[in-house]
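Novice: So you can see what is in the structure, the chains are spelled out below.
Protein chains: 2
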Amino acid sequence: MVTTEEKLVEEKVTTDFDLTVYLKERQQIVEKALEKSLPIAEPEKIYHAMRYSLLAGGKRLRPILCLASCQLTGGTLEMALPTACALEMIHTMSLIHDDLPAMDNDDYRRGKLTNHKVYGENIAILAGDGLLAYAFEYVGTETKNVPAQRVLEVITRLGRTVGATGLVGGQVLDLESEGKTDITTTTLTEIHTRKTGALLESSVVCGAILAGASSEDLQRLSIYAQNIGLAFQIVDDILDITATKEELGKTAGKDLQAEKATYPKLWGMEASIAQARQLSDNAISQLSIYGEKAAPLRAIASYIINRKN
Amino acid sequence: MVTTEEKLVEEKVTTDFDLTVYLKERQQIVEKALEKSLPIAEPEKIYHAMRYSLLAGGKRLRPILCLASCQLTGGTLEMALPTACALEMIHTMSLIHDDLPAMDNDDYRRGKLTNHKVYGENIAILAGDGLLAYAFEYVGTETKNVPAQRVLEVITRLGRTVGATGLVGGQVLDLESEGKTDITTTTLTEIHTRKTGALLESSVVCGAILAGASSEDLQRLSIYAQNIGLAFQIVDDILDITATKEELGKTAGKDLQAEKATYPKLWGMEASIAQARQLSDNAISQLSIYGEKAAPLRAIASYIINRKN
Numbered sequence: 001m002v003t004t005e006e007k008l009v010e011e012k013v014t015t016d017f018d019l020t021v022y023l024k025e026r027q028q029i030v031e032k033a034l035e036k037s038l039p040i041a042e043p044e045k046i047y048h049a050m051r052y053s054l055l056a057g058g059k060r061l062r063p064i065l066c067l068a069s070c071q072l073t074g075g076t077l078e079m080a081l082p083t084a085c086a087l088e089m090i091h092t093m094s095l096i097h098d099d100l101p102a103m104d105n106d107d108y109r110r111g112k113l114t115n116h117k118v119y120g121e122n123i124a125i126l127a128g129d130g131l132l133a134y135a136f137e138y139v140g141t142e143t144k145n146v147p148a149q150r151v152l153e154v155i156t157r158l159g160r161t162v163g164a165t166g167l168v169g170g171q172v173l174d175l176e177s178e179g180k181t182d183i184t185t186t187t188l189t190e191i192h193t194r195k196t197g198a199l200l201e202s203s204v205v206c207g208a209i210l211a212g213a214s215s216e217d218l219q220r221l222s223i224y225a226q227n228i229g230l231a232f233q234i235v236d237d238i239l240d241i242t243a244t245k246e247e248l249g250k251t252a253g254k255d256l257q258a259e260k261a262t263y264p265k266l267w268g269m270e271a272s273i274a275q276a277r278q279l280s281d282n283a284i285s286q287l288s289i290y291g292e293k294a295a296p297l298r299a300i301a302s303y304i305i306n307r308k309n
Numbered sequence: 001m002v003t004t005e006e007k008l009v010e011e012k013v014t015t016d017f018d019l020t021v022y023l024k025e026r027q028q029i030v031e032k033a034l035e036k037s038l039p040i041a042e043p044e045k046i047y048h049a050m051r052y053s054l055l056a057g058g059k060r061l062r063p064i065l066c067l068a069s070c071q072l073t074g075g076t077l078e079m080a081l082p083t084a085c086a087l088e089m090i091h092t093m094s095l096i097h098d099d100l101p102a103m104d105n106d107d108y109r110r111g112k113l114t115n116h117k118v119y120g121e122n123i124a125i126l127a128g129d130g131l132l133a134y135a136f137e138y139v140g141t142e143t144k145n146v147p148a149q150r151v152l153e154v155i156t157r158l159g160r161t162v163g164a165t166g167l168v169g170g171q172v173l174d175l176e177s178e179g180k181t182d183i184t185t186t187t188l189t190e191i192h193t194r195k196t197g198a199l200l201e202s203s204v205v206c207g208a209i210l211a212g213a214s215s216e217d218l219q220r221l222s223i224y225a226q227n228i229g230l231a232f233q234i235v236d237d238i239l240d241i242t243a244t245k246e247e248l249g250k251t252a253g254k255d256l257q258a259e260k261a262t263y264p265k266l267w268g269m270e271a272s273i274a275q276a277r278q279l280s281d282n283a284i285s286q287l288s289i290y291g292e293k294a295a296p297l298r299a300i301a302s303y304i305i306n307r308k309n
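Going down the list, the sequences are from chains A and B.
Counting along the first sequence from 1, when you hit position 182 you're at 182 in the working numbering, and nothing is skipped either side.
Counting along the second sequence from 1, when you hit position 293 you're at 293 in the working numbering, and nothing is skipped either side.
Bound conformation, chain A alone (with noise of 0.2 Å):
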């Protein structure tokens, strides 16, 4: 008999496509433009705080989406690099207000001190509000030969995933849900939906209106995306039991302490793994169309069910 573990791991991509080297490269183009994204100036403090938390690794599975969906629908690395660093900071955004003592008080992120721990409350609420504005301000002013009306959609959209329909929103439900015992898969799939999926989709379909893509490509990603969002953050759940804390970077074994509602605990592991596989399987079925060109999303999809952190 196979061990839920073996399970996760056997899962292979079925092409020539190498993705350790794929995800490599792209996280170092990520990482230097996410560098260059945010030269220090005055006051200096609010921009190291910034920069310490946007440049402190991480997947950068968000860029790295946003990158191959707008090349995937004919579009340039140049036209999405903007987006992709916006996609980040916007990440990284939501991460530090997460963290902060008011909200879910994590000390580690990333392996790190988290953002209030190493500069204070007070600066770590305005490092996260200036990386948000900063986000709309860097796509509006360095997207570079994309029409104007596609950068203003992408805009557009990016506030939508932000607010209260989409993170603002999940977290609440999140924090609304804490400590309850009766959350149903409905309720646990808006929260994820809105606080994991909701970024992961515009960081695909957001790729693809820069590329100037057609509603019917734009339809397909935007089903792609909201599978791998949801395979992901099932595997992030199976991860907090499974992983360790250096696995992960961050403390394991939260969820269960913090008696959260996951998908494990009301599924059971092994139905977990098994709706995870098929939520990749699915998003998988929407590049069919594309042939090889999509072979690196289509090893994402792999990937998100099958990596150790």
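For the record, the hints were derived by calculation from the structure and aren't laboratory data.
Accuracy of the hints is not assured; some may be wrong.
Repeated chains share a single entry, so a pair holds when one copy, or any two copies, can fit it.
[To be verified] Result set (PhoX-like, lysine-lysine): computed pairs, CA atoms no more than 25 Å apart in a straight line: (1) Lys112 with Lys24; (2) Lys260 with Lys45; (3) Lys260 with Lys180; (4) Lys180 with Lys32.
Please build the complex by placing chain B on the supplied structure of chain A, with the hints as guidance.
Specialist: Then chain B, alone, in the frame of chain A:
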């Protein structure tokens, strides 16, 4: 001998233009637009929190400046109304976050309990985030009959105004200056330029951008706005000393209590009043080319130094 208070009052609007009627009418337009801008959805709590502060009244000076500037340079009310609302969303967000316990720790704002006193710190942080994100989304989706390029310029400018170069940076400088006894006029003005001036300037300039104003118009209106922005802050400092809590809707004498640097403290009351008047005159002098059409902006420049709260 005239007292300092009489000096502030004696300034009169020199045209037939009735500012009181104008401001009242414009406030009603803005209140109605703000009320409609943010309908309640799920999760209701965050929408209630956002609306609590957004609809808490106030002078609505930023939206009114934006509308006036757009009309002065040939645009319509409709073109600028979404941006006018967004300016108030941004202003409200900055007030909610500034009032937080980790920041200025204020219990009252506009005569009402501050957001975190009603909804808790976590929701207040998220309400600010939600309003900021929504401001960008709202301008992007609601601005009609304006070329995308102009809307994009407005959004980019708003981002810059909120970020570390603007509001956020100003608040950091303000936090850093707390308790220091050697704050210079240069530092004080830098703080206010970022915390107050930048958004007032953007209010005026964005209205004109939406109307498609020439670079000469934008330049003149920038200077107008920089002058009223600083005058506004000097008068704020004066009112903190001379006005009552009822007039201000917030704690009076706070600056003195907090041993904050203020213009009256640096320059004395007489010189502060004279400087505010000079700045208002400078602002008005930028408008001569527009004749009677600029009556609203001219009257607002006078109002800013004659207001009671």
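Novice: Hint by hint, say whether it matches the structure.
Specialist: Here is what the structure says about each hint:
no., hint, result
1, Lys112 with Lys24, "within (21 Å within a copy, 53 Å between copies)"
2, Lys260 with Lys45, "between (35 Å within a copy, 21 Å between copies)"
3, Lys260 with Lys180, "within (8 Å within a copy, 45 Å between copies)"
4, Lys180 with Lys32, "neither (43 Å within a copy, 38 Å between copies)"
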